[in-house]
Amino acid sequence: MELQTSETFAQNAREALVDPQLRGALRNLADTFGDRRRMAIATIDDWEDLRERARRIKAETLAGLDVYLEAFADNAERAGAQLHWACDAGQARAIVIQILREKDAQLVVKSKSMTTEELHLNAALEEVGFFPVETDLGEWIIQLANETPSHIVVPAIHKSKKQIAELFSSKLGIAPTDDVDVLTGTARNFLRKRFADADVGISGVNFGVAQTGTLLILENEGNVRLTTSLPRTHIAIMGIEKIIPRLVDLDVFLKLLPRSGTGQQLTAYQSLITGIKRSVDDEGPEELHIVIMDNGRSRMLGHPVTRQSLACIRCGACLNACPVYQKIGGHAYGSVYPGPIGAIITPQLNGIEKARQLPFASSLCGACREVCPVKIDIPELLLHLRAEIKEGTASGTAGEHGPIKRKFLERLVFRLYAFAWSSQWRYELGIKIARLAQRPVVRHGSLGKMGRLMSLLAPPLASWTDWRDAPAVANRSFRDEWREVNRPGRNV
Amino acid sequence: MWPSIGTCAVQVLRRVGCEVVFDERQTCCGQPAFNTGYRTDARRLAKRFIEIFEDGGADAIVSPSGSCTAMVHHFQELFADDEGWRQRAVRVAERTHEFGSFLVNIMGVEDVGAYFSGRVTWHDACHGLRDLHIRAEPRLLIARTRGVELVEMENSEACCGFGGTFSVKFPEISVAILDSKIEAIEKANVTAVISADASCLMQIGGRLTRKRSPVRVMHLAELLAAQE
Chain A
1 MELQTSETFA QNAREALVDP QLRGALRNLA DTFGDRRRMA IATIDDWEDL
51 RERARRIKAE TLAGLDVYLE AFADNAERAG AQLHWACDAG QARAIVIQIL
101 REKDAQLVVK SKSMTTEELH LNAALEEVGF FPVETDLGEW IIQLANETPS
151 HIVVPAIHKS KKQIAELFSS KLGIAPTDDV DVLTGTARNF LRKRFADADV
201 GISGVNFGVA QTGTLLILEN EGNVRLTTSL PRTHIAIMGI EKIIPRLVDL
251 DVFLKLLPRS GTGQQLTAYQ SLITGIKRSV DDEGPEELHI VIMDNGRSRM
301 LGHPVTRQSL ACIRCGACLN ACPVYQKIGG HAYGSVYPGP IGAIITPQLN
351 GIEKARQLPF ASSLCGACRE VCPVKIDIPE LLLHLRAEIK EGTASGTAGE
401 HGPIKRKFLE RLVFRLYAFA WSSQWRYELG IKIARLAQRP VVRHGSLGKM
451 GRLMSLLAPP LASWTDWRDA PAVANRSFRD EWREVNRPGR NV
Chain B
493 MWPSIGTCAV QVLRRVGCEV VFDERQTCCG QPAFNTGYRT DARRLAKRFI
543 EIFEDGGADA IVSPSGSCTA MVHHFQELFA DDEGWRQRAV RVAERTHEFG
593 SFLVNIMGVE DVGAYFSGRV TWHDACHGLR DLHIRAEPRL LIARTRGVEL
643 VEMENSEACC GFGGTFSVKF PEISVAILDS KIEAIEKANV TAVISADASC
693 LMQIGGRLTR KRSPVRVMHL AELLAAQE
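Protein sequence lines, in the order shown, are assigned to chains A and B.
Residue 24 in this note's numbering sits at position 24 of the first sequence, and the numbers go up by one each step.
Residue 643 in this note's numbering sits at position 151 of the second sequence, and the numbers go up by one each step.
If you're looking for bench data, these hints aren't it; they were derived computationally from the structure.
Only a predicted model underlies this, so the values are computations on that prediction, with no experimental measurement involved.
Quick partial rundown of chain B residues pointing at chain A, CB under 8 Å, derived from the structure: (1) 528; (2) 532; (3) 668; (4) 699.
Okay, the calculated bits of chain B under chain A, using three or more residues with CB under 8 Å as the criterion: (5) 508 to 518; (6) 534 to 544; (7) 612 to 625.
Just so it is clear, CB atoms sit at the ideal spot from N, CA and C, and this is done for glycine as well.
Using the sequences and the hints, build the whole thing.
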């Protein structure tokens with residue numbers, strides 16, 4: 001499959017909208033996940049209070065992130081882990097490759113991790129001769145299909161059961177079947193053997209507890225438990241924002257994350273990993289390597305608005321609630337992180353120039369903010385990034401750059417609008433001109449589909465009227481009426 | 493484009509005992525520029541808005557639009573580096589109310605003596621709902637209108653897909669979202685869909701007429717102004 005990029009977002013989205021397979025797969029997303037989430041949060045007495053506590057814990061952590069990171073590293077090292085610091089994706093990849101070479105890893109298993117997706121780790125490993133096996137069912141399907149995840153939590157959400165059956169049949173040589181038990185059984189048989197043989201297991205991290213150096217990873221399939229405990233070496237990769245201060249804070253986040261992500265009160269497994277195994281009879285790896293990665297994150301710390309982006313716990317609730325995501329799915333965003341959260345972190349991680357369409361790919365309806373378990377004001381962030389793109393004024397969130405000087409005409413239209421609309425007479429004159437200008441195209445008080453000429457003269461208007469009628473400027477405005485009834489003589 | 497919204501809002505406000513003035517200098521709150529990232533242009537219009545409405549000395553500023561009202565409440569973000577203007581923005585925002593919310597929460601009125609015959613449904617405009625937390629007020633006002641049968645459509649809180657310049661920057665996505673809304677409206681089997689934001693009404697109404705649907709769009713003020 002050809003990889004889509006953020007730069008062609010509009011085109012990607014148009015293609016997604018006419019893909020009947022995708023529309024079918026996405027149809028139940030909002031209902032299913034929305035309903036499950038609603039039922040799960042109904043079991044919490046004061047959900048809003050819990051969200052506020054989570055927001056405060058994250059704000060506190062991010063305000064003192066350097067201190068908490070150091071404490072985390074010290075405590076993890078004390079428990080036997082080896083810490084690695086990576087400024088960017090390249091360094092993180094090099095660290096992982098170095099460890100795999102030292103261990104002479106023949107077989108590598110991997111559990112689901114968005115951070116490793118961000119590193120494009122699998123491709124990098126394959127280039128140097130390591131072939132990691134994804135062990136999360138959804139990720140494994142994606143790996144078999146040679147695709148990328150289209151959702152943060154359910155990576156294969158864009159695939160139908162039929163497509164998965166065909167994939168298994170062609171790649172694994174099983175008889176075609178749409179029996180879910182047979183399909184999952186096939187995956188289980190294939191993957192179980194790999195865990196036992198693997199030299200190294202690679203995982204992500206949900207939370208790193210500063211107080212104890214503990215990693216917490218949530219999952220439902222048991223594959224994380226196996227990935228992190230059967231191989232002799234475990235490599236855990238995390239962004240700097242995964243830190244929480246205290247073990248007791250998990251009480252808040254363990255209630256929020258599963259409910260927001262999958263609509264579960266708790267995931268089937270929660271692995272708390274503190275260091276390596278302590279005695280020969282103990283379970284767990286002999287070596288634990290923790291790779292802590294920045295990769296653009298510390299830039300977001302610099303401004304109070306963008307800092308919120310680092311509070312994200314990757315639950316995916318904003319994707320499920322987003323009317324745009326519901327229509328186009330994840331791949332159209334052309335980025336590792338799709339949906340509303342992707343629209344705000346992709347420009348900050350990958351550079352605002354390449355991802356400049358994404359902050360505009362939102363109706364600003366605020367459904368994302370409403371479901372976010374850590375109360376990130378995503379619309380505020382989208383507006384902040386829009387201003388950054390148009391004016392380059394917001395303080396250095398995406399590196400050094402001025403405004404992206406494109407769309408000269410749009411710039412001019414807004415400048416004119418601000419000029420004309422800041423005086424009463426210019427405004428009233430503008431209305432009169434519009435009334436005259438629309439005369440040739442108005443039918444029964446509204447503007448229908450435009451001809452080719454109008455599409456050339458006023459592209460945004462045609463963009464509207466290709467799909468929807470537009471109301472005409474009324475012959476008598478409210479202020480005309482007001483003057484007649486409430487004057488003469490006085491302004492009031 | 494929709495002069496009757498203003499006229500009707502004035503009628504209803506006067507009916508519940510308000511003295512209404514309209515300052516003819518006012519034009520636009522600047523939301524289109526703000527939402528598209530042109531903050532310099534937005535700031536220019538915001539300052540003008542603040543100056544004009546500081547002048548009037550009215551007890552309350554009432555707008556028949558959730559998103560315009562929400563924009564006034566956002567003004568302070570434009571003046572993060574200018575404490576003087578920021579405070580003036582906050583003070584103006586404190587007096588600025590959305591029409592339906594003003595009737596119920598400030599005037600304490602639920603029955604404005606309206607009459608409208610028909611089955612209607614309410615569309616929650618996003619800014620009214622999620623920025624201003626207006627949910628119950630319009631439903632109360634509609635329910636107290638004589639002759640009206642109010643039904644809740646499926647996903648009444650879902651966005652209509654307008655989103656300002658989003659609707660013309662990504663028209664296909666905007667209309668795909670809109671069509672889910674239209675489907676819900678058609679399923680509700682109503683004569684009119686009511687909302688309190690001209691932009692949603694323009695988006696929904698524009699698609700309804702294009703599809704030659706018999707359902708009409710109405711602003712809350714138009715419904716409440718209607719009498720026997």
